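Student: Residues in the sequence shown are numbered from 1 upward in steps of one, following this note's numbering.
Note that these hints are calculated values from the structure, not bench results. Computed from a predicted structure; not experimentally measured. Be aware that a few hints might be false.
With a straight-line cut-off of 25 Å between C-alpha atoms, the simulated SDA-like cross-links for lysine to any residue are [claimed, not checked]:
(1) K59 x C85
(2) K69 x R51
(3) K69 x E90
(4) K45 x A12
(5) K45 x E34
(6) K45 x L28
(7) K59 x N48
(8) K82 x V110
(9) K82 x A47
(10) K82 x P113
(11) K9 x M20
(12) K9 x K59
(13) K69 x V110
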Amino acid sequence: MQFVDREWKEYAVFCELLHMIPGLEARLMESSEEQVVNIADLIQKGANGARADDTKGMKAAVIDWITPKGQSLNPHIPCNVKSRCGFNHERTGALLCPAGLDWANTEYMVELPSRFSFKKHPAQNKHETHE
């Protein structure tokens, strides 16, 4: 059987899962198709939860990192509101502004958010939590 690159990566991840979760291979081999799908759903749910935890923790760390010591950001950036981050906030907008462009130029403040809008992959929208 010939694998393409993506299939090799998926196979490597599967082998790592078998190594990380004792008894998983035996459980998969003795389970019905419906049970295997349920196991896969549980593993995916765990991966999604871990990713969300990482992102939530990272947001607070980045806000702490960009806030000057002994000061606060004005306006304040709440950890759970995405609409006030990125190019929509003066401090984060300045950090995201491409080198060579002057963020203080109001023309860029208006133009950049539309030039650098990122579309989500449809799979990401499925688990959107609207933080």
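Student: Evaluate each hint against the coordinates.
Tutor: Results for each hint:
no., hint, result
1, K59 x C85, "holds, 10 Å"
2, K69 x R51, "violated, 29 Å"
3, K69 x E90, "holds, 17 Å"
4, K45 x A12, "holds, 20 Å"
5, K45 x E34, "holds, 16 Å"
6, K45 x L28, "holds, 17 Å"
7, K59 x N48, "holds, 17 Å"
8, K82 x V110, "holds, 18 Å"
9, K82 x A47, "holds, 22 Å"
10, K82 x P113, "holds, 14 Å"
11, K9 x M20, "holds, 16 Å"
12, K9 x K59, "violated, 29 Å"
13, K69 x V110, "violated, 29 Å"
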